[in-house]
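If you read the sequences in order, they're chains A and B. Heads up, the final residue of the first sequence is numbered 1738 in the numbering used here, and it's a clean run with no missing numbers. Heads up, the final residue of the second sequence is numbered 1738 in the numbering used here, and it's a clean run with no missing numbers.
Treat the hints with caution; some may be incorrect.
Same chains, same label: a pair holds when it works inside one copy or across any pair of copies.
To be verified - List time: in silico EDC-like cross-link candidates among lysine to aspartate or glutamate, alpha-carbon distance up to 16 Å:
1) 1357 with 1641
2) 1623 with 1287
3) 1532 with 1605
4) 1437 with 1461
5) 1532 with 1612
6) 1371 with 1565
7) 1306 with 1641
8) 1306 with 1673
9) 1624 with 1605
10) 1371 with 1484
11) 1518 with 1488
12) 1518 with 1708
13) 1392 with 1335
14) 1608 with 1531
15) 1520 with 1488
16) 1688 with 1431
Since the hints were derived computationally from the structure, they do not count as laboratory data.
There are 2 protein chains.
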Amino acid sequence: MLDKFFSPKSVAIVGASHTPGKVGYVLAENFARGFPGKFFFVNPDPEPIMEHRTYPSVKSIPEPLDMVVIAVKSTLVPKVLKECVDKKVEAVVIVSAGFSETGEEGRKLEEQLKKIINGTKTRVIGPNVVGVFDPHSKLDTVFLPRDRMNRPKEGSIAFITQSGAVGSTIADWLSEEGIGVSKFVSYGNAMDVNESDLLEYLSEDEKTKVIAVYIEGVKATGKRFISTLKKVCKKKPVIFLKSGKTEKGSHAAASHTGSIAGSARVYSTVFRQFGAIEAPDWEELFDFAKAFSMQPATRGDRLLVITNGGGFGVLATDEAERQKLRLDPLTPQAVEKLKKIVHGYASVHNPMDLTADSNASTYKLAFEAAMPKYDGAILITLFQVPTLEESIIETVASLQSHGKPILCCAAGGSFSNRMSQRLEARGVPVYPTPERAVRAFEALSRFGKHQKSA
Amino acid sequence: MLDKFFSPKSVAIVGASHTPGKVGYVLAENFARGFPGKFFFVNPDPEPIMEHRTYPSVKSIPEPLDMVVIAVKSTLVPKVLKECVDKKVEAVVIVSAGFSETGEEGRKLEEQLKKIINGTKTRVIGPNVVGVFDPHSKLDTVFLPRDRMNRPKEGSIAFITQSGAVGSTIADWLSEEGIGVSKFVSYGNAMDVNESDLLEYLSEDEKTKVIAVYIEGVKATGKRFISTLKKVCKKKPVIFLKSGKTEKGSHAAASHTGSIAGSARVYSTVFRQFGAIEAPDWEELFDFAKAFSMQPATRGDRLLVITNGGGFGVLATDEAERQKLRLDPLTPQAVEKLKKIVHGYASVHNPMDLTADSNASTYKLAFEAAMPKYDGAILITLFQVPTLEESIIETVASLQSHGKPILCCAAGGSFSNRMSQRLEARGVPVYPTPERAVRAFEALSRFGKHQKSA
């Protein structure tokens, strides 16, 4: 049970600081600005921090603690952790760096920490992490200041990351895109709580619809990881971005989080076999998570593409072919029906090119006439064309009642971005290129297939 | 000579309209809002348009014309074109659709147009195009309204596109990203002026540093296309996004611009052999063009990566390996020098992980100590970390004096986006993912290699 890491009622911040700009200052600010539970700042200096009194140590805090965040020099961490164990704190986040990721000496220090918690009820996330963030409980142990890194709103993507920088960048990006998270965990060196523990926990978490993972190397045993994966992927989509896949990349990973990155092929095979979705790169991790958080998985791989720009239809077709999705032709009935509705230049195929003369109502007619045959649709809605009225937002949103996944593709400048945001606010994910939309659809369909076969 | 298409002194707009929202209204507005030359609106209705008098026909205009833009129903186009020929107009842009892209009848109509200009000095761009745009001369025949599609500023990317929608979307995107173009041409059905004519013309254009092309199928003969490519690629980087590469994609292209898309393999071989850069997808067309417009080509493929986030370094390494770039180790001298400068956790390898404790001055020292050995660098500057001061902008900008290409990678929310825009204003392109930065670097290096071997 890792609940205390996400919804603690009382938290101590060891290393809370008086000095703006310091890690310990940002942490103090995160709590002072609106954490609904109790919190205690630990600092040997009795001068209050943000008008809150300080405590010289964890053990001097006169109340029980659910969680302790440690942000002091690495060599001081063992002593603090010992106090946490003595105080029966169940959740400890060690933000401090300077452990196994730095070489032999750091590795020894980390071993010492492991011994301290061994056989106790104290669980540790870290060391060498950016922190834990839960928008629902308002817990925020991320030490990056909000003017540099925005926090995402409440949502259904759980994001767990071995690399703090990758994590914080994606969290910042998600917030900019207006996409919410259920939980964010940077788990770093994983001296105790590892990716498998988190996967297992998140698979039971009601707020989490999809789990996105950045991983350099698995920290649990291979056996544990596989059995976890098997179980979790039956319940929820899990998307992995595995880095250190090439030989050189794997060396780089070793000096980063001290991971043995392992053979790329082994990882890919395991992911495929147990139904996890592998994202080929950073952007796809984000794209796929967005798709799963907003749309249902598909029941098959028959894709319908409708566009108001022919070139985008061609690019979508190329990518669909590469992804081995089925762009089956329309039924003769649908063709007959549509020929009466759309104007002469339109191309009543799949992709269906409604051309620049189309509007919201053409999209609706086209979708409804063709859809019964397909498992889902990509609607390319290029907003540069003025005939496409703003009511397309409502139209597309309402088409979701058919129960099949719909992804949109639109790109451009300020007007397009505004329209895309409105579509996403109505639950329809929008991708800036046809290729990215198609790859996201393929991810939905891969998961759907695994669920059917599982 | 296609000069009249980009810097005409007098232009007639046939089909200029009184009705807001109509194509002919947007065209009239484009000219009325600030075209520095003369312009004439052609419409049978004598009621002025935006306070400019109208003319009933091209031949009724009492002055010579450099250019005519035709935006009337397809069946009316032959008559108008004939008048242009009679008036010795050298540049005609036919915006109207309804020609070879729509089937047999349209094909015949287009043949008729060809006959009209055959043996004359009248050249035609179109039909079925979004238009021509030149921010330097302020010529704008793009029929999409500015509140839907922003126009990019002055810059050095020439963008030519067979698909109007692809073109207008990318132009809109470029404007949003603050990246300028030298010329923008949607050439559609290419009944006369084709991609090869445009490539040849742009290779001599002083304002154009890089040519980006979206193409479904070549419209010139194969022989002409190859000889043009050979010549042009010696002078300037040319980036192609070729769509209709798969079998289904090629069918979709046929019903879009009437192109025979041809075998993907043939195209790729031709591109490679003659030194053109092929972009695998839409996003890369944009990414590569940005790199070439801002940075010099590399002289080799030895890449240095410096990062303040280890995970991003690993992802960059993986992509560099996939792209067959050389991430050679630092020289022993550089390692020795740097070990004295950077703090203990930093990883003095390539990629060089300066960790979250680095600042602008660490980046400068690292770059200068390591650089002599390399052909260029990717600087991953994650702005979420507060130790990275805003002065990093000046630092990175100044490192360009080394004469080697520098690309940056940064991603995130509002603060990061602001910083990225400032970097780009100083001439350093910024990519949101390490993979995209590495692929753009590879494009620079591919062109550099071709230049050396040519």
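Compare the structure with the hints numbered earlier in the document and write down the numbers of the violated ones, lowest to highest. 2, 6, 9, 10, 12, 13, 16
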